[in-house]
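Chain residues, written in single-letter form:
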Amino acid sequence: MDKEKKNLNRREFFKGGIAAAGTLAVVGTATFILDKSAAKSMPREDFLRPPGAISEEDFLYGCIKCGLCVQICPVHAIELAGAGEGLGFGTPYIAPRIQACDFSCDALQCVETCPTAVLDFRPFKEEGVRAVEKAAAEPGADLSTVNPFEVQKVAMKEAVRMGKAHVNRNTCLAHKGEGFKGNPRGTDFKGVHRSPGKNEVSASPLKDRVFDREVCDLCITECPIGEKAIIQRRSRSGRKLIPHVLDGCTGCGVCQMVCPTAQPSIVVEPF
Amino acid sequence: MLSDYFSNAKKKSPIAPKPVEQMPHTLAGLSFKEWRDSRKKNHKMRNIRWAVLLFMNLLFVFSFWLDLAILEGSLSGSRLIGFYLMDPYNSLQLLAISSTTGYLGMLTMNFWIGLFTILIFWLIFGGRSYCSWMCPYHFLAEWAEKVHNYLVKKKKIKERSYHIGLRFVFLVGFLLLALLTKNLVFENLNVVGIISKAMIYGPSLLLLWVLAIILFEVFVSRRFWCRYVCPIGATWSLVGKASPLAVKFEHDKCGYCLECQKVCLVPHELWFVKRGAATQDVHYVGSDCTRCGLCVDVCPGNALTYSVRGASSLL
Numbered sequence: 367m368d369k370e371k372k373n374l375n376r377r378e379f380f381k382g383g384i385a386a387a388g389t390l391a392v393v394g395t396a397t398f399i400l401d402k403s404a405a406k407s408m409p410r411e412d413f414l415r416p417p418g419a420i421s422e423e424d425f426l427y428g429c430i431k432c433g434l435c436v437q438i439c440p441v442h443a444i445e446l447a448g449a450g451e452g453l454g455f456g457t458p459y460i461a462p463r464i465q466a467c468d469f470s471c472d473a474l475q476c477v478e479t480c481p482t483a484v485l486d487f488r489p490f491k492e493e494g495v496r497a498v499e500k501a502a503a504e505p506g507a508d509l510s511t512v513n514p515f516e517v518q519k520v521a522m523k524e525a526v527r528m529g530k531a532h533v534n535r536n537t538c539l540a541h542k543g544e545g546f547k548g549n550p551r552g553t554d555f556k557g558v559h560r561s562p563g564k565n566e567v568s569a570s571p572l573k574d575r576v577f578d579r580e581v582c583d584l585c586i587t588e589c590p591i592g593e594k595a596i597i598q599r600r601s602r603s604g605r606k607l608i609p610h611v612l613d614g615c616t617g618c619g620v621c622q623m624v625c626p627t628a629q630p631s632i633v634v635e636p637f
Numbered sequence: 017m018l019s020d021y022f023s024n025a026k027k028k029s030p031i032a033p034k035p036v037e038q039m040p041h042t043l044a045g046l047s048f049k050e051w052r053d054s055r056k057k058n059h060k061m062r063n064i065r066w067a068v069l070l071f072m073n074l075l076f077v078f079s080f081w082l083d084l085a086i087l088e089g090s091l092s093g094s095r096l097i098g099f100y101l102m103d104p105y106n107s108l109q110l111l112a113i114s115s116t117t118g119y120l121g122m123l124t125m126n127f128w129i130g131l132f133t134i135l136i137f138w139l140i141f142g143g144r145s146y147c148s149w150m151c152p153y154h155f156l157a158e159w160a161e162k163v164h165n166y167l168v169k170k171k172k173i174k175e176r177s178y179h180i181g182l183r184f185v186f187l188v189g190f191l192l193l194a195l196l197t198k199n200l201v202f203e204n205l206n207v208v209g210i211i212s213k214a215m216i217y218g219p220s221l222l223l224l225w226v227l228a229i230i231l232f233e234v235f236v237s238r239r240f241w242c243r244y245v246c247p248i249g250a251t252w253s254l255v256g257k258a259s260p261l262a263v264k265f266e267h268d269k270c271g272y273c274l275e276c277q278k279v280c281l282v283p284h285e286l287w288f289v290k291r292g293a294a295t296q297d298v299h300y301v302g303s304d305c306t307r308c309g310l311c312v313d314v315c316p317g318n319a320l321t322y323s324v325r326g327a328s329s330l331l
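First to last, the protein sequences are chains A and B.
The first sequence maps to residues 367 to 637 in our numbering.
The second sequence maps to residues 17 to 331 in our numbering.
Where hints are given, some of them may not hold.
What the hints assert, rightly or not - Calculated from the model, a selection of chain B residues having no Cβ within reach of chain A, i.e. all distances over 10 Å:
(1) 39
(2) 42
(3) 156
(4) 203
(5) 244
(6) 262
To be verified - Stretch-level coverage of chain A by chain B, calculated; a stretch enters the list once three of its residues show a Cβ under 8 Å from a Cβ in chain B:
(7) 374 to 380
(8) 452 to 462
(9) 534 to 542
(10) 610 to 621
What the hints assert, rightly or not - Covered stretches of chain B, as calculated for chain A (at least 3 residues, CB under 8 Å):
(11) 118 to 125
(12) 231 to 241
These are calculated hints, taken from the structure and not from any lab test.
Model, not experiment: these values are computed from the prediction.
Ideal placement from N, C-alpha and C gives every residue a C-beta, glycine not left out.
Pulled out of the complex, with its shape left as it was, chain A reads as follows (with noise of 0.2 Å):
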């Protein structure tokens, strides 16, 4: 009776296991095939990996998706992919038309507490620590004169290479010779942002600011990262003003969350 109940328990075990084995393989083979898929789709110019994002490969498994750097971003910049990115469901990503990143946080935070390190904080802490040591060691600077939370700040910031913009010439206010006045997004426009000409301490809604340019620089002028990142500059037939990208760009996209053209005129671009 028992080695008979033995047995019966067993043949019930198999005829589960191999039913189990077809479903995982058959979920295998489905997240196989989405894998091939996604690598093409990500990232895109909106659905951007926040700062400090390894290899999207290495993203993909190394994300455990628990949305902690969701959480820390002051600025909400920071939303968890729906089921229509397939594998990458569930990822953090910005879309920096509806909300940049704007360095408003001041440290990276979003880089320092994803626990898995996908947001990879150890380059940015290098970067802060050789920027101290190297603004100390200019002459007549020393440590008591030198701020060097300050000093780290900007260089982590700095070091963040999310994408780079891109101005489209054909649609760009300032290729065309255009100023602009009012706001840039319209009154209902929900995205915040800390403008580096006011000296916030913390973001303000952009619906609630209003510009009068006579050339229109709003990329250049709310840049958080200033002349390392984009310049004004003159033309070559030397008649227009216009945007000019630099090296120093990280790709926070606050450029294409200002710009007032209906369809954005720079754009973050991954790499």
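Please arrange chain B on chain A, whose structure you already have, making use of the hints.
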């Protein structure tokens, strides 16, 4: 005693069942039926447990919504007042993949601290206690189970059960899939994570998957996901092998009514409650037990109670 902590009580020969004059209903002066139904309406432990479960899950939600910063993240990985906690099966998959890619060394100290903290915590409180005291899917499944049991009782559907060891096929299988595809495959099907994240960050299409599983549990097999699939629960049951907190069974108070097995999510762990099955005067429920307390609530003789294993020999 530490010696009977790991010993296999199932293999021993059973002790003699009690004669009728020693049965608890005779001692209480009641008929068996009266005695058996005496605690049917008692839901004390269940209510406490639901309160804890809802409180913890809502703490996640409100920590984000109201910026309380008490319990950040989700059940996949979180931070309790700045202290990291990791989901062990997620971590296991990650470790399996990263051991082949050289990513292992990248993992932060917070990751290791979070993983070991949670393992130690649930080792003390009983691995699968996570299921009934924390898991939001468990809460939904309990309601689905009620509907399912009603349908079975009305003979609308037939009860289907499978082998309880299938969980470990899935546990190993999903680990292998993670290794082969270099993806956290299970995380995309993980109903616990999907519900937790839907509550905190807003609903996603994958809730349809959760709905499908719940409907399967209602119409086909009782508690299918929790019993036969969930590798998180399987991981916890391994962690809970040596947990000191366990449900204790005392043979002399038992009336062999089997009310406990009827409500139990893992009735195979209550194998000793049948007349003539117990091999010891005292048994502790095994590692699949979720410490949900449904049996504690319903037991008319108080033969099943929460206890700390080995505490009596220590004190």
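Status of the hints after comparison with the structure:
no.	hint	in the structure
1	39	holds (27 Å)
2	42	holds (31 Å)
3	156	holds (19 Å)
4	203	violated (6 Å)
5	244	violated (7 Å)
6	262	holds (25 Å)
7	374 to 380	holds (count 3)
8	452 to 462	holds (count 3)
9	534 to 542	violated (count 0)
10	610 to 621	violated (count 0)
11	118 to 125	holds (count 4)
12	231 to 241	violated (count 0)
Of the hints listed earlier, those the structure fails to meet are numbers 4, 5, 9, 10, 12, in rising order.
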